[in-house]
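Asks: Chains as they are written, first to last, in our numbering: chain U, 1 to 273; chain S, 1 to 273; chain Y, 1 to 273.
Derived from the structure by calculation, the hints contain no laboratory data. Heads up, a few of these hints could be off.
The list makes no distinction among identical chains, and a pair is therefore deemed to hold if it is satisfied within one copy or across any two copies.
Within a straight-line C-alpha distance of at most 30 Å, the following computed DSS-like cross-link-like pairs (lysine-lysine) qualify [to be verified]:
1) Lys-12 x Lys-98
2) Lys-79 x Lys-269
3) Lys-79 x Lys-157
4) Lys-269 x Lys-78
5) Lys-269 x Lys-180
6) Lys-67 x Lys-180
7) Lys-98 x Lys-67
8) Lys-98 x Lys-78
9) Lys-67 x Lys-79
10) Lys-78 x Lys-67
11) Lys-98 x Lys-162
12) Lys-79 x Lys-98
13) Lys-7 x Lys-67
14) Lys-7 x Lys-98
15) Lys-180 x Lys-79
16) Lys-157 x Lys-78
Predicted model, so just to flag it, every value in this text is computed and none were measured.
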Amino acid sequence: MFLEMLKNVREKTPLIHNITNYVTVNDCANILLACGASPIMSDDIGEVEEITSICNGLNINIGTLNKNTIASMFAAGKKANELGHPVLLDPVGVGASKLRTETAFQLLEEVQFFVIRGNSSEIKTLALGTGTTKGVDADVADQVTDETLDRTISAAKLLSAKTGAVIAITGAIDIVADEKRAFCIRNGHPMMSRITGTGCQLSAMTAAYVAANQGWMLEAVAAAVCAMGLCGEKAFARMTEQDGNASYRTYIIDAIYRLTPEDLESGAKYEVR
Amino acid sequence: MFLEMLKNVREKTPLIHNITNYVTVNDCANILLACGASPIMSDDIGEVEEITSICNGLNINIGTLNKNTIASMFAAGKKANELGHPVLLDPVGVGASKLRTETAFQLLEEVQFFVIRGNSSEIKTLALGTGTTKGVDADVADQVTDETLDRTISAAKLLSAKTGAVIAITGAIDIVADEKRAFCIRNGHPMMSRITGTGCQLSAMTAAYVAANQGWMLEAVAAAVCAMGLCGEKAFARMTEQDGNASYRTYIIDAIYRLTPEDLESGAKYEVR
Amino acid sequence: MFLEMLKNVREKTPLIHNITNYVTVNDCANILLACGASPIMSDDIGEVEEITSICNGLNINIGTLNKNTIASMFAAGKKANELGHPVLLDPVGVGASKLRTETAFQLLEEVQFFVIRGNSSEIKTLALGTGTTKGVDADVADQVTDETLDRTISAAKLLSAKTGAVIAITGAIDIVADEKRAFCIRNGHPMMSRITGTGCQLSAMTAAYVAANQGWMLEAVAAAVCAMGLCGEKAFARMTEQDGNASYRTYIIDAIYRLTPEDLESGAKYEVR
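Isolated chain U, as found in the complex (with noise of 0.2 Å):
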């Protein structure tokens, strides 16, 4: 099923408008080419409705928010939910500053979000209007394991249902769930982590993959999950001693441009609950 799906993004090469952070702007726009997509970045609040209209989903990060981009993530949101286009939210460092944390609640209430993707400490503090969050990484005691995975799978579920949003929680063990069923994936790698911004890549990559495969978002965001994942491993086996954090970011971004939907079929490990 998730061939199919990465076929549809390299045959649709879908555009995405990225309303994003200016620290990992350039990775987002990379990883969308290397998955077969197009990447369009505009923040300014007097062309995003007309670029959001052009493009076929729209990837809204609050990484790096100020005041004019906020204007512009509600706009931009508002129309490209007139024209019934795919919407991401990706609630970076929610729960750290009352700017973002109110930012992210109102864009909940505004705009209709098709996908939420965060680490467990941001859907944590969407879930409940508190959080833990320490920066922009997922602090210990919130980390999905065996022990809390079925208490993360209810929140998800819940969460999905209040929101109308299929819910991306990424970490160790990732969850994608909708009101009703869960992905559990277990691909990737430890050292994602010590990387900016793989979070941000694979938001804009799950913007592209549910634009280019409507009608199955739940899976389709599930295989987005997976991708990562997976050339997280395979980008993690092609590391020399020498190599570091810096040309792990490369090697993942080389092994989203070189999978294959058999690859991505075959490769992804999870299961449905």
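Keeping the supplied structure of chain U fixed, place chains S and Y upon it in accordance with the hints.
Replies: Frame of chain U, contents of chains S and Y only:
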């Protein structure tokens, strides 16, 4: 002839002021250093005139324009004109939004550009006043082929006559034209379009070539375009089976760093019409 | 001694708040992760005080300052001072525009910096009130050589006495001084100046070393400077004939990732004056 052009960049180490997008800005800085020039990025209205005054050329790229940086583009452009510094326009995504189109046309009216570099859709938009730009990549229908070559050369010469700028249209075949002559350049590799920002990088580097070779505007632009294409070929030759677009990005800048004037002279593939 | 410094970074994983330029921000984030720290980038006045409160140190870099981010630098700097968090200033391009010069001097007046790191032209501008800064690179006339070493050390000690900050001047010879003692460091490689942002990266990493080694401010800065230089050497040793500045950039961050406390201890080349 191109041999001297690159030698001059290396000897004069021109300092290039860039008002550019935040997606590819790091690559623009590194390619300027790679070719022998020096970058400075600055886009606040409070300093752009001063900054451009200490530089040898100005590169204006509208890739992620916003209301603040647009004002800076005008201020810096006019100042550079006053000082006789070469100014280059990269009209990223012109035609994709009114803001981009209006900004580009207003810039053409108020600033004298020495060079305009874009893909075929972007240049078509500038030439015709309307376009079919979809995002930041050239529309397939607009791509320069052997069939459309004559026509495109004529259009480029006309646009050059109208704007007083050397026009560079980059794609499978590159055209670099003033009102009388055109270089048709056949360096490059299709994979270059699978990296974000090869166009932005070329614009930054072109500003350096032009700044170091005044009086040879057309040839300097052609040399920069050949250098980029040639390094796209060299970088591709270096790819392994595991490498993808992220490694390719690194290899292209590496190749620019290693490019000798002799390499450029012998590797350039062009005809003049 | 440097051995403990790096161990402390790895053990304490300090979270560093960066208000920095958009040119080199991705490299700053990745080098922080490489050395064992954690980055967060945030520059909106609506959240910087809160963000810096959850961090262990603050890195202020004026490389692409603008009217919005300048206000955030003051707000975050004062908040960090209130909390006793170490604050570092990287006065990129100070002297190149009134905006940069006035902002830097105003920051020095209103914020207590623990460390100021810049190239010789930037630090000279801070010391003398005027400078010969051309762009973001040190002017050749300002470079620290064996001939000018004594004089530069004295100037650094004076500036330290005046500002209360440890002064780090980086270049062919690096000087790290408080008002009484100076480390002269001879690690590094000339090619480091052919990559954009090695200075920015060092500033980010220095903030992490200082945050993890409070009470050993001077030594912590010196350790970070040695680490960067040593990794510049290691990365250069790894270069192949086809590699250029883009690969070198990757290799330096890789080397920081792989650097062991023992490597740093044995590879550091310095004398104390």
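Asks: Checking Lys-98 and Lys-162: alpha-carbon separation at most 30 Å within a copy, between copies, both or neither?
Replies: So Lys-98 and Lys-162 pass the 30 Å test inside one copy only (22 Å; across, 37 Å).
Asks: At most 30 Å between alpha carbons: which applies to Lys-180 and Lys-79, within, between, both or neither?
Replies: within (28 Å within a copy, 46 Å between copies)
Asks: At most 30 Å between alpha carbons: which applies to Lys-79 and Lys-157, within, between, both or neither?
Replies: within (27 Å within a copy, 40 Å between copies)
Asks: Up to 30 Å between alpha-carbons, please classify Lys-98 paired with Lys-67: within, between, both or neither.
Replies: The answer is both: 13 Å in one copy and 22 Å across copies each meet 30 Å.
Asks: Give the relationship of Lys-79 and Lys-269 under a CA distance limit of 30 Å: within one copy only, between copies only, both, or neither.
Replies: neither (36 Å within a copy, 46 Å between copies)
Asks: Between Lys-269 and Lys-78, at a C-alpha cutoff of 30 Å, which is it: within one copy, between copies, both, or neither?
Replies: Neither: 35 Å inside a copy, 49 Å across copies.
Asks: Since the copies are identical, ignore which copy is meant and state whether Lys-98 and Lys-78 lie within 30 Å (CA to CA) inside a copy, between copies, both or neither.
Replies: Cα proximity of Lys-98 and Lys-78: in one copy and across copies (23 Å, 19 Å).
Asks: When Cα atoms must be at most 30 Å apart, do Lys-67 and Lys-180 count as within-copy, between-copy, both, or neither?
Replies: neither (37 Å within a copy, 45 Å between copies)
Asks: Between Lys-157 and Lys-78, at a C-alpha cutoff of 30 Å, which is it: within one copy, between copies, both, or neither?
Replies: within (24 Å within a copy, 43 Å between copies)
Asks: Classify it for me, Lys-12 with Lys-98: is the Cα-Cα distance of at most 30 Å met within a copy, between copies, both or neither?
Replies: Answer is between; shortest inter-copy Cα gap is 26 Å, intra-copy 39 Å.
Asks: Classify it for me, Lys-7 with Lys-98: is the Cα-Cα distance of at most 30 Å met within a copy, between copies, both or neither?
Replies: neither (41 Å within a copy, 34 Å between copies)
Asks: If the cutoff is 30 Å on CA atoms, where do Lys-78 and Lys-67 land: within, between, both or neither? Let me know, please.
Replies: Result: close both inside a copy and across copies, 17 Å intra and 21 Å inter.
Violation of the numbered hints given earlier is confined to hints 2, 4, 6, 13 and 14; the remaining hints are satisfied by the structure.
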